[in-house]
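These protein sequences, in sequence, are chains C and F.
Residues in the first sequence are numbered from 1026 upward in steps of one, following the numbering used here.
Residues in the second sequence are numbered from 20 upward in steps of one, following the numbering used here.
Quick caveat, the hints were computed from the structure, so don't treat them as lab data.
Fair warning: this is a prediction, and the values are worked out from it, not measured in the lab.
Glycine residues also receive a C-beta, built at the ideal position from the N, C-alpha and C atoms.
Take these hints with a grain of salt, some might be off.
Here are the simulated lysine to any residue pairs, SDA-like style, with alpha carbons at most 25 Å apart [stated by the list, open to error]:
#	chain 1	residue 1	chain 2	residue 2
1	C	LYS1129	F	GLY103
2	F	LYS117	C	GLU1068
3	C	LYS1148	F	PHE98
Covered by chain F, per the in silico footprint, the following chain C stretches (three or more residues, Cβ under 8 Å) [as the list claims (entries may be wrong)]:
#	segment
4	1086-1092
5	1098-1109
6	1119-1125
Not everything, but these chain C residues come out facing chain F in the computed CB check (under 8 Å) [to be verified]:
#	residue
7	GLN1079
8	HIS1131
9	ASN1147
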Amino acid sequence: MVHSNNQTMNIRSYLFIILILTQACATREDHYYWGDYEKTIYESFKGQQGSDPQIQVAKLSQLIRQAKSLEKPVPPGIYAQLGYAYYRSGKTQAAREAMELEKKHHPSSTAFVNRLLGSMRNKK
Amino acid sequence: MRHWLQSILVLTLLNNGCATTTPPDYTNFRQHMPKSILVLPPINHSIEVSAGGTYLSTISHPIAERGFYVFPVAIVDAFFKDQGLSEPAEIHQIPAEKLREIFGADAVFYVSIHQWGSKYHLIQSKTKVVAKGKLVDLKTEKILWQGTQIGESASNSSGGNLTSALVAAAVTQMVNSSTDESRAVAQHSAFRTIHGHNGFLKGPVGKRNHKK
């Protein structure tokens, strides 16, 4: 009897340890909606077809639409990246609007985005 | 026998889930908790030319999900090139004060890549990614965090994949192309490094109660 009690205790404590471990290392749910972001950025670095600004515009716009439909926030940098892709495809007004959205959603970006907006004006 | 098996089970779980070494000192991190992190183009010591860009494409996600604003890596890279700075080693020399002025960032993440890619052996190929990172406060120039990201996977040529315990199971489903494999290994190990036991502290940005 004592023996079986001990065993129950043992099993319990092991289960407890396992529970803690699995909780600590559980897969977390993302706060932001990332969609194909990593692949899109990867392609932009690769300099292949995917780095074409118009393809980037399409992919990033789609990501933002999906984020909105899932009611999840758009990750840092996406609006700025979209603005940059618009800028590279010659759409300065759309570029500016996207950059403003980066500032609105992620105020930490303000100084850098203002700098980018400034250089866009100078090059125009 | 039973106890023995149980101990092994627990040990295996410990090894798989959260490897522990001496815990890093988080005093500076706590005292100078950044809101925004600037990831600079990494210095690449590996033989894979595209390692830097691929690394950058994997790092925003884990850092942002940890609770920090991450400056858009591809634009930052293009910005430096525009200024005539295409060598990461040069970029890493820019004074902290200057970086703070240009980006308005609270902290900078310096990364150097030491291994990147696949090695083919007779019956299997091994993919390994090793990168060292250092997070520095841009006001005080104190080191907030430093650590090494190590990711590894192995696959045998018969088509079945044998993935090391370090890499999550999803990697095994990747296609066989070695660049995709490196990218997947980098993605998983980046998450483990930033979110793991000795990773970044949780940041203040994008709290879970966020409602729009």
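At a Cβ distance under 8 Å, does chain F reach at least three residues of the segment 1119-1125 of chain C?
violated (count 0)
Three or more residues of the segment 1098-1109 of chain C near chain F by CB distance under 8 Å?
It holds, with 8 qualifying residues against the three required.
Min Cβ distance, HIS1131/C to chain F: is it shorter than 8 Å?
holds, 5 Å
Between the alpha carbons of LYS1129/C and GLY103/F, is the straight-line distance 25 Å or under?
Violated - the C-alpha atoms of GLY103/F and LYS1129/C are around 30 Å apart, more than 25 Å.
With a cut-off of 8 Å, does the beta carbon of ASN1147/C approach a beta carbon of chain F closely enough for the hint to hold?
violated, 12 Å
Does the structure keep LYS1148/C and PHE98/F at a Cα separation of 25 Å or less?
holds, 14 Å
For the segment 1086-1092 of chain C, do three or more residues have a beta carbon lying closer than 8 Å to a beta carbon of chain F?
Violated, because only 0 residues of the segment 1086-1092 of chain C bring their Cβ atoms closer than 8 Å to Cβ atoms of chain F.
For the restraint on GLN1079/C, tell me whether the closest CB of chain F is nearer than 8 Å.
Check failed: Cβ of GLN1079/C comes no nearer than 16 Å to chain F, outside 8 Å.
Given pair status - GLU1068/C, LYS117/F, alpha carbons within 25 Å:
Not OK: LYS117/F and GLU1068/C at ~30 Å, beyond 25 Å, violated.
Going through the hint list in order, the structure does not satisfy hints 1, 2, 4, 6, 7, 9.
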